[in-house]
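**Student:** So you can see what is in the structure, the chains are spelled out below.
Number of protein chains: 2
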Amino acid sequence: MEKKKVRIVLDAMGGDFALQSNIAGGISALKETNNRFHIIFVGKENEIKNELKHLKVKDGNFSILNADEVLSMEDSPTDVIKSKKNSSISIGVNCQKENNAEAFVSAGNTGAVMTAGALFLGKIDGVNRPTIGAFIPTEKGFSFLIDAGANVDCKTHHLMEFAIMGSIYTSEMLNVKRPKIGLLNVGEENTKGNEVAIETNKLFSNSDLNFIGNIEGGDVLRGIVDVIVCDGFIGNILLKFGESIPSFFKFKFKEVAQKNFSKKILIGSLKNTFKQMFKSLDHEEYGGTPLLGVNGVVIIGHGSSSPKAIKNMILKAEDIINKKIVEKIASAIKPSK
Amino acid sequence: MEKKKVRIVLDAMGGDFALQSNIAGGISALKETNNRFHIIFVGKENEIKNELKHLKVKDGNFSILNADEVLSMEDSPTDVIKSKKNSSISIGVNCQKENNAEAFVSAGNTGAVMTAGALFLGKIDGVNRPTIGAFIPTEKGFSFLIDAGANVDCKTHHLMEFAIMGSIYTSEMLNVKRPKIGLLNVGEENTKGNEVAIETNKLFSNSDLNFIGNIEGGDVLRGIVDVIVCDGFIGNILLKFGESIPSFFKFKFKEVAQKNFSKKILIGSLKNTFKQMFKSLDHEEYGGTPLLGVNGVVIIGHGSSSPKAIKNMILKAEDIINKKIVEKIASAIKPSK
Chain D
1258 MEKKKVRIVL
1268 DAMGGDFALQ
1278 SNIAGGISAL
1288 KETNNRFHII
1298 FVGKENEIKN
1308 ELKHLKVKDG
1318 NFSILNADEV
1328 LSMEDSPTDV
1338 IKSKKNSSIS
1348 IGVNCQKENN
1358 AEAFVSAGNT
1368 GAVMTAGALF
1378 LGKIDGVNRP
1388 TIGAFIPTEK
1398 GFSFLIDAGA
1408 NVDCKTHHLM
1418 EFAIMGSIYT
1428 SEMLNVKRPK
1438 IGLLNVGEEN
1448 TKGNEVAIET
1458 NKLFSNSDLN
1468 FIGNIEGGDV
1478 LRGIVDVIVC
1488 DGFIGNILLK
1498 FGESIPSFFK
1508 FKFKEVAQKN
1518 FSKKILIGSL
1528 KNTFKQMFKS
1538 LDHEEYGGTP
1548 LLGVNGVVII
1558 GHGSSSPKAI
1568 KNMILKAEDI
1578 INKKIVEKIA
1588 SAIKPSK
Chain F
1258 MEKKKVRIVL
1268 DAMGGDFALQ
1278 SNIAGGISAL
1288 KETNNRFHII
1298 FVGKENEIKN
1308 ELKHLKVKDG
1318 NFSILNADEV
1328 LSMEDSPTDV
1338 IKSKKNSSIS
1348 IGVNCQKENN
1358 AEAFVSAGNT
1368 GAVMTAGALF
1378 LGKIDGVNRP
1388 TIGAFIPTEK
1398 GFSFLIDAGA
1408 NVDCKTHHLM
1418 EFAIMGSIYT
1428 SEMLNVKRPK
1438 IGLLNVGEEN
1448 TKGNEVAIET
1458 NKLFSNSDLN
1468 FIGNIEGGDV
1478 LRGIVDVIVC
1488 DGFIGNILLK
1498 FGESIPSFFK
1508 FKFKEVAQKN
1518 FSKKILIGSL
1528 KNTFKQMFKS
1538 LDHEEYGGTP
1548 LLGVNGVVII
1558 GHGSSSPKAI
1568 KNMILKAEDI
1578 INKKIVEKIA
1588 SAIKPSK
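Going line by line, the protein sequences match chains D and F. So in this note's numbering, spot 6 of the first sequence is number 1263, and the numbers just go up one at a time. So in this note's numbering, spot 275 of the second sequence is number 1532, and the numbers just go up one at a time.
One thing to keep in mind: the hints can contain errors.
Note: identical chains are not told apart, hence a pair may lie in one copy or across any two.
[To be verified] In silico DMTMM-like links for lysine to aspartate or glutamate, alpha-carbon gap of 25 Å or less:
#1 1449 / 1331
#2 1497 / 1446
#3 1580 / 1326
#4 1380 / 1584
#5 1354 / 1473
#6 1397 / 1512
#7 1310 / 1584
#8 1262 / 1289
#9 1591 / 1410
#10 1262 / 1429
#11 1516 / 1452
#12 1507 / 1396
#13 1310 / 1473
#14 1449 / 1500
#15 1528 / 1473
#16 1581 / 1316
#17 1412 / 1452
#18 1520 / 1316
#19 1339 / 1584
#20 1581 / 1465
These are computed hints drawn from the structure, not numbers from a lab. Given the structure is predicted, the values throughout are model-derived calculations rather than measurements.
Isolated chain D (complex conformation) (with noise of 0.2 Å):
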């Protein structure tokens, strides 16, 4: 018997490159796996076919799911449950509640992803707040920093489920076998941080954790552990000044080159080496990230993610399903009393 292929529900609305780069990046992802999957565009059927046309694409392993609305960037997450109960965000992601798809993939309005997600889906029991993670360039590979700006105001047992979350996912995606723990902080000693570092400090040391103590902003490029576990306030300042490093490069190195003929012409030459160094930093490489906690299988992507991102968005989305790792999450979490 042929095995069921896993249904991932695409949003064709979400992004700022709607329709064009999702409808685009979802053919892409059928064509390059041979029909792996299927694909179910969820938004405006009218504008979907139109596009499918224009990419004069005729079949595939794809189906079209209607939805009127449309929740923007601009949007309040809550609207996704008040004024656009009809946005393809709900329907999407009430469609793999419906069991009708296993997955949701969407690059738009995080907030209202993530929302959807948490209400309709469901938290994993013991869950208290479902987290996105992500995965950082370092010198060593990779590590999943998380939260990754989800939540702010984290308490000590929020950090926790996060470790436990991301020690399970950086294990899985990256076959390791028990992921080197770290908690992001401004010392080394026990002693450092503020008030929740240094109760999270004690609580992540009597755990049954691979807990290798605070990191330090220095260490996070060195690779020194496979997860760094902060709260998703610094999260996602750091992710956001880490994405605007390159950008930075490549103005300073429009200085130097301006200023000097010679060196132009010697940047010029490097300008492919630079941008093989700078992908290791580009978040399209990665396919968004996924929504950890919640009874299904969310990937969430930048708002600018092109036909590439969504493409492995979609693969990430399949590979997560595959590895089951929704259910290694519920059974690791103990259920709150």
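Based on these hints, arrange chain F on the given structure of chain D.
**Tutor:** For chain F alone, coordinates are given in the frame of chain D:
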């Protein structure tokens, strides 16, 4: 009548390269300025004399203040008033307190220098938390990040103090009339952030500050504000992360060079260009950072301060004295009721 020369106490014992680096830096500052100020080396008199002999320095506008004890990086900051009352830090700061000097400069234990500064010199009326900031390089020049790691668990009114002090310091040091203030946050909108950030945005908006709103992690290197206000927990992590970027890129360049010989040659020929670029990220250039909010001038340097960094710290101390920054902060901060 000749203007009285300012007297700067230099902690001979502080930092990873004490005493060599400190004495060499002090002597270099005197030479470069033609003995424009007077330096008081504080520390173990014999060791200081030996080092001066080693450097073949016979005279100059300096004197020696003996301190029998050394407070190391491993000591607790409060040891400065407990077990190490006769440390170079205690005796050096007290020298300023007793009006025998106008500034204290140290590359030693940051916490201990802060403690000594706050306790011996006293806090400026209206300042609850003395703070340290740091200039960071941006596409447009420099921005002043405050707090850079001195204070964690900051409340809204602490951030207000940082903003006022940062505004005055930046105005004087960068010669900007009304420095633009940004609040480091996870979104531009007023409603974004953790509890403290949301409250702080309100307070700043209703103040006399030239507050331009929240800025995100990705805005830091763009240089869109003159002063970036944040809790020291995030300030410390962000700064240390930033400081680690050059070595990350060196690592990446090496990787590329090892794989490709022709690129190795190209990269080699651009070595000085990279050095020049990274220079703007180099803490040695800035010459430490002042402890703001105390009744006196205290400059704190990196533990790894080179002679050049020490020299720049001394020059900065002189500059701060001449610009009457302490007096200006005192008249701008409203004493708490």
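**Student:** Now tell me, hint by hint, if it's right for this structure.
**Tutor:** Structure-based check of all given hints:
1. 1449 / 1331: between (39 Å within a copy, 13 Å between copies)
2. 1497 / 1446: between (27 Å within a copy, 16 Å between copies)
3. 1580 / 1326: Classified as neither; 33 Å inside a copy, 60 Å across copies.
4. 1380 / 1584: within (12 Å within a copy, 55 Å between copies)
5. 1354 / 1473: neither (40 Å within a copy, 34 Å between copies)
6. 1397 / 1512: Between copies, since 11 Å is at most 25 Å while 30 Å is not.
7. 1310 / 1584: neither (39 Å within a copy, 71 Å between copies)
8. 1262 / 1289: within (15 Å within a copy, 75 Å between copies)
9. 1591 / 1410: Result: close within a single copy only, 22 Å intra versus 29 Å inter.
10. 1262 / 1429: within (21 Å within a copy, 66 Å between copies)
11. 1516 / 1452: neither (49 Å within a copy, 46 Å between copies)
12. 1507 / 1396: both (20 Å within a copy, 10 Å between copies)
13. 1310 / 1473: Answer is neither: 52 Å inside a copy and 40 Å across each miss the 25 Å cutoff.
14. 1449 / 1500: The answer is between: 20 Å across copies meets 25 Å, while 28 Å in one copy does not.
15. 1528 / 1473: neither (32 Å within a copy, 28 Å between copies)
16. 1581 / 1316: neither (30 Å within a copy, 75 Å between copies)
17. 1412 / 1452: both (10 Å within a copy, 13 Å between copies)
18. 1520 / 1316: For residue 1520 and residue 1316, the Cα distance exceeds 25 Å both inside one copy (51 Å) and across copies (46 Å).
19. 1339 / 1584: neither (30 Å within a copy, 55 Å between copies)
20. 1581 / 1465: So residue 1581 and residue 1465 pass the 25 Å test inside one copy only (21 Å; across, 55 Å).
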